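Engineer: Modelling step: build the complete structure from the supplied sequences, incorporating the hints.
Protein chains in written order, with our numbering: chain D, 1 to 115; chain E, 1 to 113.
If you are wondering where the hints come from, they were derived from the structure by calculation, not from laboratory data.
None of these values were measured; they are calculated from a predicted model.
What you were told as hints is all true, and nothing was included just to trick you.
A few chain E residues that face chain D, going by a derived Cβ cut-off under 10 Å, partial list only: (1) Gln-38; (2) Gly-41; (3) Leu-46; (4) Val-51; (5) Ser-57; (6) Arg-96; (7) Arg-109.
Virtual Cβ for every residue (Gly too), placed ideally from N, Cα, C.
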Amino acid sequence: AQKITQTQPGMFVQEKEAVTLDCTYDTSDPSYGLFWYKQPSSGEMIFLIYQGSYDQQNATEGRYSLNFQKARKSANLVISASQLGDSAMYFCAMRRYSSASKIIFGSGTRLSIRP
Amino acid sequence: SQTIHQWPATLVQPVGSPLSLECTVEGTSNPNLYWYRQAAGRGLQLLFYSVGIGQISSEVPQNLSASRPQDRQFILSSKKLLLSDSGFYLCAWSGRGADTEAFFGQGTRLTVV
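Structural biologist: Listed below in structure tokens is the structure:
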């Protein structure tokens, strides 16, 4: 079975500060992909970043980076220099290579940026 | 480029009425297709996914069903809606590889009254 856990229902961060959103996962598969999505109040789902289980380096995309610790089964999203527009729900997701058709999501973290 | 269309954007239906939500994808062939439901302020629950025409995998036993009559068309249905079916329904597509992300439609906000 596979499972994604996001333990922070909500977070408040001061503008321009960095923020880390936690994500842990559970799978017995050695090969898998991890994804982060942003969902603004409009409801659209925006893909942010991807990390493969065999990637040697942590993924980065602009202000987003992924702190991937395979042994701990964690894939935390780091947003540097937060902006007001970063206020949204953030979801972690996983896709196993052995069952690549299935994509499961965590319960999400609501991030609020204070001016 | 690929696009995904999902409609309607909002829907208010009485309890016991039928439901049909449609999703179509353009610009790609043989995609994986997904239906998710999101309760207010909550995470995404995978309802159904499909790897090909007529191939449907159900994740949660419930009052809903899905069909894929064409390669790029995915339909979510119910014969009789329950109050608990209210929520935000999202359709998505992805490529075959586990390293490919899913692309989502704009969602349908369903309220069962």
